[in-house]
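Make a model of the complete structure from these sequences and hints.
Chain residues, written in single-letter form:
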Amino acid sequence: MPPHDLLPDGNRRGRRWAKLASLIVLITLLAVVPPAMNSYDQYLITLTLVYAITTLGLNVLIGWTGQLSLAHAGVFGLGAYLSTILIQHGWGFVPSLLVAGLGSAIVGGLVVFPALRFSGFTLAVASLAFASVIVQLFDNGGSVTGGGGGLAVPVFQFSGLSQTMSTYYVTLISTVLCFVVAHRMRHLRFGRVAFSIRDTEIAAVVSGIRVVRYKVFVFAFAAFLGAIGGALYAQLETFIFPVMFSTNTLVLMLVMLFLGGASSLYGPIFGAIFAVVMVELLQSFGSYQDLLYGLLLMLVIGVLPGGMASLPERLRTSHLLGRAVRGVASRFGRGRQDEATAASPVPPTATGSSLVDDPGDGVESGVA
Amino acid sequence: MNISFISNTLTQASIYALVSVGFVALYRATRILSFAQGAFMVIGAITFVYVTNHGASLFVGLAVALVASFVFGGVLYRLFLVRLSFVPPFVAAIATVGLAGGIEALTALVWGSAPLVVRPGVISTSNVPALSSLHVQYDQLASIVGAIVACSVVYLVIERSKLGLRMRSIADSASLADLVGVPVRSVSSFSWALGGAMAGLAGVAFTLTSQPDPSAIVDLSFVAFPVILLGGLESVGGVIVASLVIAAVQDLVTVYVNPDFANPSAYIILLVVLVFKPNGLFGARGAVERL
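Read top to bottom, the protein sequences are chains A and B. For the first sequence, position 358 matches number 358 in our numbering, and the numbering has no gaps at all. For the second sequence, position 84 matches number 84 in our numbering, and the numbering has no gaps at all.
Honestly, I wouldn't trust all of these hints.
[To be verified] Here are some, though not all, of the chain B residues that point toward chain A, as calculated from beta-carbon distances under 8 Å:
#1 V91
#2 A105
#3 L106
#4 L229
The hints are simulated quantities; they were obtained by calculation from the structure and are not laboratory data. Glycine included, each C-beta is placed from N, C-alpha and C at the ideal position.
Below, the structure written as structure tokens:
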């Protein structure tokens, strides 16, 4: 049980207001500051948000519901290609974004039907196959998809804003909307159902949950988020080609997911920030990046299965570091609360049946 | 029907069989769904081409590639994968996706994307005179015979030896196996080494017969997944039959329909069969569902 559930109600409500207020400040900053930056930094911030949306989709699928689907890079590409092709046929960007998202959601929800009979490895292989078929379509689509050479993306622009800033604001609004929706879903019935499908699917079936219906919806929703991310990515990169949506991209998404913290709501944001900072820092290493991503994914899963979102919890409960942190904390008058956690018989970081621990913003806290 | 059809199918099937039997070996002990078999294939292939291009003969090259991929598999398990025994199976599978990506990036750095061309003279590509009616080339014969030998050895090890029993006991319960004195880490590492070595051999066989570039090897390893699932994940005999089925269908599609549909057809067979037989053709009850 996350520690703040032990707090009296008033205190918890206070924390929620503090959380909300800091979120509003953060979003305001994100709206106000970037125009003053240089265009490359604007690009990086937009990229971070795009990655965050995309990884959120993967998180709903893998982290929340426990469906090992590896088609996300393909779906990401589907969104990019659909919106680009629509724009080339004279659509506006925002309608094309929505249609690309909804179209991919339909594809994602339909394609999953034969795969619903399977779980685990079979689903992974089937989804990987689906992704490779999508990428082959991009490769062999003739003049529609531009083949291996790819497509130039007609970039849209608000009057009075640069191209990057126009994309940035659409991305920012999309990010906020997607995370608000995900937040509500997580804290209402949907989230609990998703976690129950992940942890004990049979029990979920027995308690009358229409698991198939939920799974289809989860796949569709994940595809929607992935495609929105892809469409925005296309605007940002201004040129798309099939290799951009290959297995390497999938590995990057998985790195972001697990580094940020699978099953945590805000994990994808941490993961995206980390990925973009890494890409920037390691630019001079060129092709060593892919090597590093692969090893990083292994290491995170082996060493810190809860990702960065689980770090505070992990520090609090680890034996050596935890004592030091608790010592410092108690000096600032927070000792009692932390001792309550420390005294609990089950260490919250024990990774057993569930994917990872539920970090602080667990389902229970939002129900009240 | 084209006569060389049979030899092509058998060659292709021997490559699938090598990869999949290797997978069965490592899966039986560690229950990790490895996406890294393609990476081991690349390592075997690159080692083989490198050694033979520097003057080594076929058998020396084969031995070096075998040892390299064997050691690589064992060491990787000991370094990274041993940590995954504490995470749920499908998270471990994701970690092997990372592992595969890492190895592929590494080989791309070492080798680049140039095709792996075997030096002429290492093996003849002319037809074997004794089998002239079947149009079997020497390189194809080497792949087929090599696969039969290697698969038989692995079959004996994991089905008929004490070591194989120990591997299965670890999969059943690692802590119980440990309790009765099975050296869990060593046996698990050995199973991965075996899996790596078999994939390495498959890489050599593919290089001998097709001269692919590294990414084509990885693509081929993805087609091995339908084979593994059709075979039921745990059965050596099952994956060998599945290799033959998938290779035959792919060749038929290539000849009579369109070469581009060869790989998708493997996945379609898989989906159709699994709808009716969710455990694959030869899997134990629940072998696939358990995951």
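Quick rundown of the hints versus the structure:
no.	hint	verdict
1	V91	6 Å, holds
2	A105	4 Å, holds
3	L106	5 Å, holds
4	L229	6 Å, holds
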